[in-house]
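Colleague: Okay, here's what each chain looks like letter by letter:
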Amino acid sequence: MSGLVDAEDLALLATGFEAAMAEETRPAETDQALFDLGWAELLSAAPSQGAATAFRALGTTNSAAGLLDDVVANTLGIDISPQTCVVFPAPHQAKAPAHPQGDAVVVDGLVSARDEEATTAVLAVEADGSVRISTADARLFQSPVAGGVDPGRAFRRVSVEIPADALVPAPAGGSWDSAVAAARTALAHQLLGGARWMLAEARQHAIDRAQFGRPVASFQAIRHKLAESLVEIEGAASVAEACLEGPNPLLAALAKSLAGQAANTTATHAQQVLAGIGFTAEHRFHYWLKRMLVVDTLFGSASSLPAEIGHHLLSRGAAPRLIQL
Amino acid sequence: MDPETFRRDLGAWLDDNAHELAPPYEGAGSMDEQMAHYSYVKRSLYDAGFGRYGWPESVDGLGGSPLLRAMVGEEINLRGLCDPNPWTMIEVLVPTVIEFARPEVAAALVPPFLRGDEMWSQGFSEPDAGSDLASLSCRAAKTDGGWLVSGQKIWTSFIQYAQRCVLLTRTGEPNSAHRGITALLVDVDSPGITYSPIETMHGRLDFAEVHYDEVFVPTERLIGEENGGWQVAMDILPYERSTTFWHRGALLHRRCSDLVAHLVANGDHSDTAAKALGHAFQWLVAFRSQSRDTQHRLANGQQLGVETSIDKILITFAEQQLFGAVRDLLGGVVEFDDGIDAAMWRTDYLYSKAAPIYGGTAEIQRNIVARRLLDLGPES
Ligand SMILES: Cc1cc2nc3c(=O)[nH]c(=O)nc-3n(C[C@H](O)[C@H](O)[C@H](O)COP(=O)(O)OP(=O)(O)OC[C@H]3O[C@@H](n4cnc5c(N)ncnc54)[C@H](O)[C@@H]3O)c2cc1C
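Line by line, the protein sequences are chains A and B.
The first sequence: position 33 = 17 (this note's numbering), numbered continuously.
The second sequence: position 88 = 466 (this note's numbering), numbered continuously.
Heads up, some of the hints might be wrong.
Reference listing, derived: stretches of chain B covered by chain A, where coverage requires no fewer than 3 residues with Cβ under 8 Å from a Cβ of chain A [what the hints assert, rightly or not]:
1) 397 to 411
2) 439 to 449
3) 657 to 670
Pulled a few chain A residues facing chain B out of the computed Cβ check, cut under 10 Å [what the hints assert, rightly or not]:
4) P128
5) L183
6) E218
7) A246
8) H295
Calculated from the structure, these hints are not laboratory results.
Think of the CB as a built atom: it goes at the ideal place given N, C-alpha and C, for glycine as much as any other residue.
Work out the full structure: start from the sequences and follow the hints.
Modeller: Below, the structure written as structure tokens:
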């Protein structure tokens, strides 16, 4: 297959993925179920299209499956499996999560829920301005941190020092920058899947909930909040879709930034529309909100990416036209 | 005509003629200078053929996809060859006129507009009918061989340069709302039309108040059906948000590049500057990406509709972010400085304040999205 899979196949896979992700299983079991459904084959046949399909479903279902590990490892040319995890950059950043210090390597990053049962970890180490990819025993990175805002614990911080000789150089594959771009595109689709879910939830509530003798959906302040959410989602989604036309790191950064912004806006507006019930632990809204907060920080956030993009324009000396008719 | 070949040939032709096509004035120029140069550029493109693609042969075009028109305006705006606003009028009005006017009327009247020899106006808004367009009251009374139009319009852009005006009139009972509106194509030199230009806050005579006193309009100048003017208006509005927005997006890209160049020249590589710049640019790209989808839908013959309100909200946001960043980052240029560059930044900054007003206000667009795209039911 030349990069593209049949639209019908994709739709079918999406339905299967969504069903598997919606099951209340441990992340490791979900990962295994997705591999059984053909996730690895999809990713190798259509890396960006396939990832977009799966990550949209991740956003919709709010599953903590470790698919980001696979997208990054796959782009780096490393064989993927439910037992292989990746150490991701620290929050709001996209630089390699580790650097050498004497005989040790200092790691400050994030790991996904997959890390609990993984055997191999992929680590990017930055030294002298270049990034080297290695693998190591995943147990070295098992994070003792139990806290965090997200009850699903999809990602946790890891801060450790490991001996440099614990690392095994990975065979040459894709560059770290290309892995960053792939991760950003996939995460943009996840954020937008989640944002669409939150918008749908708030929309339904606005229609069902009556005050002053009419649905709260009839109040203009409510309508405009939901309308603004949809506009930001559609604008960001259109850029996230454009990323699937071919690799473009700047476009991927824009897609992730816009998607993060759209998800933040939608979460804020949906929270306000849901009001009291949306502030309870009982209502499921907060699971999506909290996951959004976490996913937004991965590989650069809506608050950190605009500066990165702006610096890029300044060093280029112009604003490129990225989208052609 | 294959769009890629067209783009390449157009680019080469514009490069070859860059000197001749550049504005002969410095900065924005006076409105007279701008209009004269617009006519010249439009005429040159017509003569070279590029300006005729994307329009049907029935109106002297050379056929081909509307994408070609989007490309022409994009290149013109990227190169800053002429002010984008006069250019919008043909894109806004003519597709609907071609579809709804009598074919012989369109065939006779559109070609001079296409050649740049004429300008047309859009007479929709009235002093008491802005957002609530369907409440308009400018009356067209049936008479022998046509109508007699009496009433007042306001904010009619470019009327002082225009030969024709697409006018919405009341032909039904005063309270017939959208059911009793008729669209007419009126000659601006008809007896009974008087206008007085209104100065905008950015110091231009962009629009005018127009009085119609028993103005005779012949039957054949009917656009669409009698009392079917609302459908005509609803057909025009999405055009206002498609090709012309693509063109305007190109202008915003150029100004964004100008801002980058200004910052680089000043050695400002601060995080503050980068962040504001990146923020503006990302919405510009979001708009452009969304608008590209719209251009392709148009080119595929799909009917544009309420979904173009998303384009309008996005470009408004992008424009305001961009010129907001200009004001914040240029350190007083907008507020205090003399000189051509400062005047251009000031003009663009002030004009960005009109973006949430013209073509349906920001609030009206949100009402449309809520009602039609989110299906939230009626407003209370
Ligand atoms: C630069 C420029 C060029 C223009 N060119 C033309 C032209 O060529 N031809 C033409 O016909 N018109 C033109 N217009 C007019 C433009 O279409 C109107 O200004 C616009 O439709 C708004 O009408 P209004 O100014 O009367 O505001 P109003 O309708 O009086 O609105 C006042 C405020 O109330 C809000 N509002 C109104 N109704 C609602 C509602 N239902 N819900 C929420 N808020 C609401 C509006 O959003 C606005 O904030 C132009 C305007 C500008 C600024």
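Colleague: Could you run down the list of hints and mark each one as holding or not?
Modeller: Status of each hint after checking the structure:
no., hint, verdict
1, 397 to 411, "violated (count 0)"
2, 439 to 449, "holds (count 3)"
3, 657 to 670, "holds (count 12)"
4, P128, "violated, 34 Å"
5, L183, "holds, 8 Å"
6, E218, "holds, 5 Å"
7, A246, "holds, 9 Å"
8, H295, "holds, 4 Å"
When the structure is compared with the earlier hints, violations turn up for hints 1, 4 and for no others.
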